[in-house]
Amino acid sequence: MTQFLEVDNLIMRFGGLTAVDGLSFKLDHGEIHGLIGPNGAGKTTTFNMISGFYKPSGGQVRLRGESISGLRMHEVARRGVVRTFQHSTLFAEMTVMDNALVGTHMPFRPNIFAAIIGWDKDDREGARARAREALEFFGLDHLRDELAGELSHGHQRALGMAVAYASHPDVMLLDEPFTGMNPEETRRMMDLMRRLRDDGITILIVEHDMQAIMGLCDNITCMSFGKFLAEGNPAEIRNHPAVIEAYLGGARHVA
Amino acid sequence: MRNLAIFVLGAAALLALPHGLSFSQQEILVFLTLNILLVSSYRLLTLTGEWSLAHVVIMGVGAYASALYTKELGVWVPVSILLGGATAALLAVLLSFPLFRMKGFYFLIGSFAAGEIIRLLWKRFRDPFGGAKGIKGIDPMPDFSIGIYDFDFFEPVSYYYLSGAVVAVCLWILWRIERSPVGLTFHAVHWQDRLAEASGVNLRAYRTLAFSIASGFAGIAGALMAHYVGTINPNSFDVDLMVFVLTWAIVGGTATFYGPILGCVVLTVLNEIVLREMGFEQMRPLIYGLIMILSILFLPKGLESLVQKFAGKRPGKSDTPERSTAQ
Amino acid sequence: MLDLLAQTGLNAVYAASYISLIAVGLVLIFGVMGVINFAHGELYMAGAYTVVLLYTDFAVPFFVAVAAGLIFVGCLGLAMERALFRPLRDNPLGGLVASIGFLMILQALAVLGFGVRMEHIPPVTQSVIEFSDHVRLPVARLYVIVAAVVLLTALWVFLKKTRFGWALRAAAQDPEAAALQGISISQTARIAMFIGAGLAGIAGALTAPLVSVNPHMGHSVIVTAFIVIIVGGVGSLEGAVVASVAYALVHTFVTTFYDGVIADIVGLSLMLLVLIIKPTGLFGSADRA
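Chains as they are written, first to last, in numbering that gives the first Met the number 0: chain A, 0 to 254; chain B, 0 to 326; chain C, 0 to 288.
With the rest of the complex left out, here is chain A (with noise of 0.2 Å):
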């Protein structure tokens, strides 16, 4: 049977460094899955390449057996893989709700001629009923009319989640969602994406928080220096001894 989501050799060279080198993993429908590894593994590259904002230099990514490599990053959105990035990219310039809704610009398409005429009432109502579930599903609804950019850091992440919710996606790509929250907002995070996972929405997952990572994922890579190095449920993922090595060698680079 043809997996859900497959990483077959995926490589990414920028001029003469290979950022990844072949690698190759693979998602099940339904299950939370983690990318870890060192600083500098490549981590984010590939997450970019997944998501359609880098083109790979080689390799393949599939999506129910179809491949979506080298697809632009919208075209990807709209085959059900859709991402949040890295820091807080929102629009902070726009309220809670407004963010919302254009999270739900896929499942709602705007039509012009029709938005023009005032046609699309139903689409609005549809819009506008969806964006309220993806705030309220993230806790944010009674922030609806507060301008993003003026968010706590913590509801900062959960509305770039929120965005990415509202579109209905099958697969979410989470880059590093925990980065900034304090343990309580992480623990209802944690529970939140169990709840997606519940949902049938498949999540891949790059983070550094390993107590996270270890309590939430269903299988975990590990990856070092561009390539695979192990994979595994947490348990195993904690005793092998390359992964120590690899995290224990970086921390001796670091210090």
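Note that these hints are calculated values from the structure, not bench results. The beta-carbon is built from N, C-alpha and C at its ideal position, and this holds for glycine as well. Just so you know, not all the hints are guaranteed correct.
Said to hold, decoys possible - If the Cβ cut is set under 7 Å, some of the chain A residues that face chain B in the computed set are: (1) His104; (2) Lys120; (3) Met213.
As the list claims (entries may be wrong) - Under the rule of at most 25 Å between Cα atoms (straight-line distance), these lysine to aspartate or glutamate pairs were calculated in the DMTMM-like manner: (4) B:Lys122 <-> B:Asp142; (5) B:Lys122 <-> C:Asp258; (6) C:Lys277 <-> C:Asp173; (7) B:Lys300 <-> C:Glu237; (8) B:Lys132 <-> C:Asp258; (9) A:Lys25 <-> A:Glu149; (10) B:Lys300 <-> A:Glu149; (11) C:Lys159 <-> C:Asp89; (12) B:Lys308 <-> C:Asp89; (13) B:Lys308 <-> A:Glu149; (14) B:Lys132 <-> B:Glu71; (15) A:Lys54 <-> A:Asp169.
Using the hints provided, position chains B and C relative to the given structure of chain A.
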């Protein structure tokens, strides 16, 4: 109910307005009406964060196209004005292929180059564009009567009513677009194009959409102008007018729908009426330039920010997202 | 035919000389201040009118008038920096609008002071260097070529060898890092504005007897300068010089063999092509836009 009263009063004031003015002021009023459409259509493009320097030339495309359709093909003037707008929109779609490979400053300069090339082509090719002398004797709007009022389109008052009606409809459409999900998507493309793209927005398509709609309405404004003035040439659409459009938008402010209109009205009245009446004929560009500099220095968010202050509206809480003139 | 080619080549060298003086100034200002100076053509115009006033009206020796043009326009640049670009440092679009306002003021002042008519300037020298019957170079043009070579070489040495030059280049590359290294941004901005404006001023002063001096003469010059700095790469001084030469060659030859309008179209198309293929220009790497 209150809104309706304001609307009726406003419409009545606009209808009565030309009768209190001298002939030359009535002529200025016609151009002002067309320029309001020009600058409002320009704002639609700026919603996506791109600033073009080709807008006035594209207005000229509408003017040349409409003039040629009536002259060469015998198209009825009202239809040919709409076709002029359509031609401008279509050309914008074609131009978008090279131009939207660029962003920001490079788009600004690229659009300038594209506009100048079009203008030079008009200048170079006497057939059909008439070369440097342009096209003369463009068919006027056919006169007609609606019983209570006889429209004679050599009269500025009549043409003011006609163009005022057309511009009102165009502004209504622009307003509807801005307040729709399409308008929201334009804002999204401006503020954070990567996130918009990750939400499934086709950036190129939306930039092209904004560019072609803006160009279409600019083309209609140009066509209306051509059939009023009766003669157009490449210098009618030179960079000087583009500079005026830029300053109307920036001095007025582009955060709101009315900002550029406000800028256009205030600066035109100031330039054409106040300074002329005060006998500053020769000094006008000097004072105008000074006003531009002072307003950008001391009112960087535009005249609209004054209105918002007096209306007591907290910026950022309005339905449309705020933007400053700073890029 | 060979004569025609040689003569056209000489014309191109002359054109390249004054274009590069103007374009290099524009690039210098853009590099350090991050703002496109739309009034640059009017600074050129101001240089020309300095010569009209001093040389034509007050019979001051030509080269004294030219030097006065350089200093006067350089000071105009300082005034622009202080009054416009410094307050609008964080608002590039505002800086652009303010420079347009300044352009209108300079143009209006020229109209008020001198009228819209073309100025007649008595020739500085009638002598002509004759290479053959059909290949000749008026000495007045030679002055422009020599001035361009000398000034641009001096600027190059100044930028590469002196502390100010180093500060200027650092500020152009990364203003924040430069400020952290103790480089005074205001001071480098003043130097850049003085040099940039002064170069435009001297170009105007030297070409005044050779072109039609009128209040609107800046317009065509600024368009040319834009083409040149885009093709050369915004922020690259060497690129601006090379692109000036290339543009002058293409434009002069197309003008000679077809006509001026076609030459303008070709020039603008080249710029558009560069923008499409390599927006940072043929030599550019710095991208501050």
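A quick look at each hint next to the structure:
no., hint, in the structure
1, His104, "holds (5 Å)"
2, Lys120, "violated (11 Å)"
3, Met213, "violated (28 Å)"
4, B:Lys122 <-> B:Asp142, "violated (32 Å)"
5, B:Lys122 <-> C:Asp258, "holds (12 Å)"
6, C:Lys277 <-> C:Asp173, "holds (22 Å)"
7, B:Lys300 <-> C:Glu237, "violated (38 Å)"
8, B:Lys132 <-> C:Asp258, "holds (17 Å)"
9, A:Lys25 <-> A:Glu149, "violated (38 Å)"
10, B:Lys300 <-> A:Glu149, "holds (20 Å)"
11, C:Lys159 <-> C:Asp89, "violated (28 Å)"
12, B:Lys308 <-> C:Asp89, "holds (23 Å)"
13, B:Lys308 <-> A:Glu149, "holds (21 Å)"
14, B:Lys132 <-> B:Glu71, "holds (17 Å)"
15, A:Lys54 <-> A:Asp169, "holds (21 Å)"
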